[in-house]
Amino acid sequence: MFEMPYTKKTVITAACIALCAVLPMAFHAFPNAGDIWLPMHIPVLLCGLICGPKFGVLCGIMGPFLSSILTQMPPAANLPSMILELSCYGFVSGFVITRIKTGKQITDILISLVCAMIAGRIVYGIANAAIFNIGRFTLNGWLVSSFVTSLPGIVFQMILIPLIITALQRALIIPDKY
Amino acid sequence: MIDLTYQTGDSILHRMNPTHKFLGLLICTIIILVSKNLAGTIIAAVLITTLILLSKLPIKKVFAPLKSLFFFLIMIFLMNALFFNNGDCLYSYHSICISYKGIEQGYNIVLHTIAITILSSIFIRTTTSIEIMRGIENTLRPLRIFHIPTKDISLIMSIALQFIPVFFNDIDRIRKAQIARGANFNKGSIITRIQSIFPLVIPAFISAFRRADELSTAIEARGFQSDYESFK
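If you read the sequences in order, they're chains L and G. Numbered as in my numbering, the first sequence ends at 178 without a single skipped number. Numbered as in my numbering, the second sequence ends at 1232 without a single skipped number.
So that you can see chain L by itself, here it is in the shape it has in the complex:
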């Protein structure tokens, strides 16, 4: 988490929520973009990393909700499990980066991202298996959708998010962590 005034965190969270609705539209050029490139995950992970776990959770809840109402992406049937997954991303990425201090910002960000991605996918799997898709959700299906189909998206996020944070720091929009 980066030290910033409360108001700035509030407005950045609003911007990330808006990007949750806007970014999937920018990925329309790619077939099946939502499942492969996971564009909605990027603002939530960024919000958690920059503003902290509470704002990350808020972005994870409101982002998909607003996007679903305005653009019908994700569809209402997938919305509850997606809200749980994304709020977990926002919380864990924010929580880990506040606790971890390796001395190198890039390492902190990558560790936080990996922890958030694993935790979010586990929550998504448990939520579907135990609540939303009882009897229809299989372990193989979860492994394929979470780690195989979305592998390009995971790699994309691991490269893109540190790049965005560095670019924001160079533009003096957010401060350095160390």
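It is worth saying that the hints were derived from the structure and are not from the lab. These figures come from a predicted structure and were not determined experimentally. Glycine included, each C-beta is placed from N, C-alpha and C at the ideal position. Please note that a few of the clues may not be correct.
Said to hold, decoys possible - Covered stretches of chain L, going by a simulated chain G footprint (3 or more residues, C-beta under 8 Å): (1) 10-17; (2) 73-81; (3) 124-134; (4) 137-143; (5) 167-177.
What the hints assert, rightly or not - Distance ranges between label pairs, derived from CB positions: (6) G:ARG1144 <-> L:THR107: 36 to 46 Å; (7) G:VAL1166 <-> L:GLN169: 16 to 26 Å; (8) G:SER1189 <-> L:MET158: 19 to 29 Å; (9) L:VAL155 <-> G:GLU1214: 30 to 40 Å; (10) L:PRO175 <-> G:LYS1056: 50 to 60 Å; (11) L:VAL155 <-> G:PHE1146: 35 to 45 Å; (12) L:GLN169 <-> G:PRO1058: 47 to 57 Å; (13) L:PHE147 <-> G:THR1049: 37 to 47 Å; (14) L:THR107 <-> G:LYS1056: 55 to 65 Å; (15) G:SER1189 <-> L:VAL148: 19 to 29 Å.
What the hints assert, rightly or not - Not close to chain L: a few residues of chain G, all C-beta gaps over 10 Å, as computed: (16) THR1041; (17) THR1049; (18) THR1050; (19) LEU1054; (20) THR1113; (21) SER1120; (22) ALA1160; (23) PHE1205; (24) ARG1210; (25) SER1216.
Based on these hints, arrange chain G on the given structure of chain L.
Only chain G this time, still in chain L's reference frame:
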């Protein structure tokens, strides 16, 4: 781009209290999601028809968001109708299994999505962004007991709603600028396409965060007081 603008009007739905309207949207969505038989479908259809008539909105505007969902809905229906295998296949070939249950499930999902899309469309077109903010704030008010900053959350939602069209324009502007520099987002191998997305996404984030930074400075300069500092 989907048109999500408020439609000026003087119907009962336009004049209705935004909190009641927001709660109504949530309740109708739940009713639609739990209804899985013919009676439920009829109730949902009557509910939506009544709301369309009460809103006095042009039918074309209400159904406009469905146009962009057309292929998605067909794909969802076919995936359920062709690949849902619970053992009672009417016709099967390799992994394809056409069953009553699959057709029913596909039909339900498509119908629910259409119904909720129309409801959201009516809500967005009959409610201004300020009313949406007020509706969300009042609906969330009971959560203040748990020290959840509902005023800040509704402010965040209101700012987010105002940012959406701005960001759409920003991304479109950046995309056109990159095309003018020779970028091609629709052609080439998958690697080329990934490489082409970086010059689109990074400036989009910088632009969005810069706008957020400027707005937060303006809000602070006007003496904004947060709801609960505990949300820090």
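Here is how each hint holds up against the structure:
1. 10-17: holds (count 7)
2. 73-81: n = 3 at 8 Å, threshold three: holds.
3. 124-134: violated (count 0)
4. 137-143: violated (count 0)
5. 167-177: Coverage by chain G holds here, the residue count being 5 at a Cβ distance below 8 Å.
6. G:ARG1144 <-> L:THR107: 36 to 46 Å: Because 40 Å falls inside the window, the suggested range holds.
7. G:VAL1166 <-> L:GLN169: 16 to 26 Å: Check passed, 23 Å falls within 16 to 26 Å.
8. G:SER1189 <-> L:MET158: 19 to 29 Å: Given a distance of about 21 Å, which is inside 19 to 29 Å, the answer is holds.
9. L:VAL155 <-> G:GLU1214: 30 to 40 Å: holds, 33 Å
10. L:PRO175 <-> G:LYS1056: 50 to 60 Å: Given a distance of about 51 Å, which is inside 50 to 60 Å, the answer is holds.
11. L:VAL155 <-> G:PHE1146: 35 to 45 Å: With a Cβ separation near 39 Å, L:VAL155 and G:PHE1146 satisfy 35 to 45 Å, so the hint holds.
12. L:GLN169 <-> G:PRO1058: 47 to 57 Å: The hinted range 47 to 57 Å holds for L:GLN169 and G:PRO1058, with Cβ atoms some 48 Å apart.
13. L:PHE147 <-> G:THR1049: 37 to 47 Å: The hinted range 37 to 47 Å holds for L:PHE147 and G:THR1049, with Cβ atoms some 45 Å apart.
14. L:THR107 <-> G:LYS1056: 55 to 65 Å: holds, 59 Å
15. G:SER1189 <-> L:VAL148: 19 to 29 Å: Given a distance of about 20 Å, which is inside 19 to 29 Å, the answer is holds.
16. THR1041: holds, 16 Å
17. THR1049: holds, 20 Å
18. THR1050: holds, 20 Å
19. LEU1054: Its Cβ never comes within 10 Å of chain L, the nearest being 20 Å, so this holds.
20. THR1113: Since the minimum Cβ distance to chain L is about 5 Å, G:THR1113 lies within 10 Å and the statement is violated.
21. SER1120: Its Cβ does come within 10 Å of chain L, the nearest being 5 Å, so this is violated.
22. ALA1160: Label violated. Min Cβ-Cβ 4 Å, cutoff 10 Å.
23. PHE1205: Non-interface label fails for G:PHE1205: nearest chain L Cβ at 5 Å, not farther than 10 Å.
24. ARG1210: About 6 Å separates G:ARG1210 from the closest Cβ of chain L, which leaves it inside 10 Å; violated.
25. SER1216: violated, 4 Å
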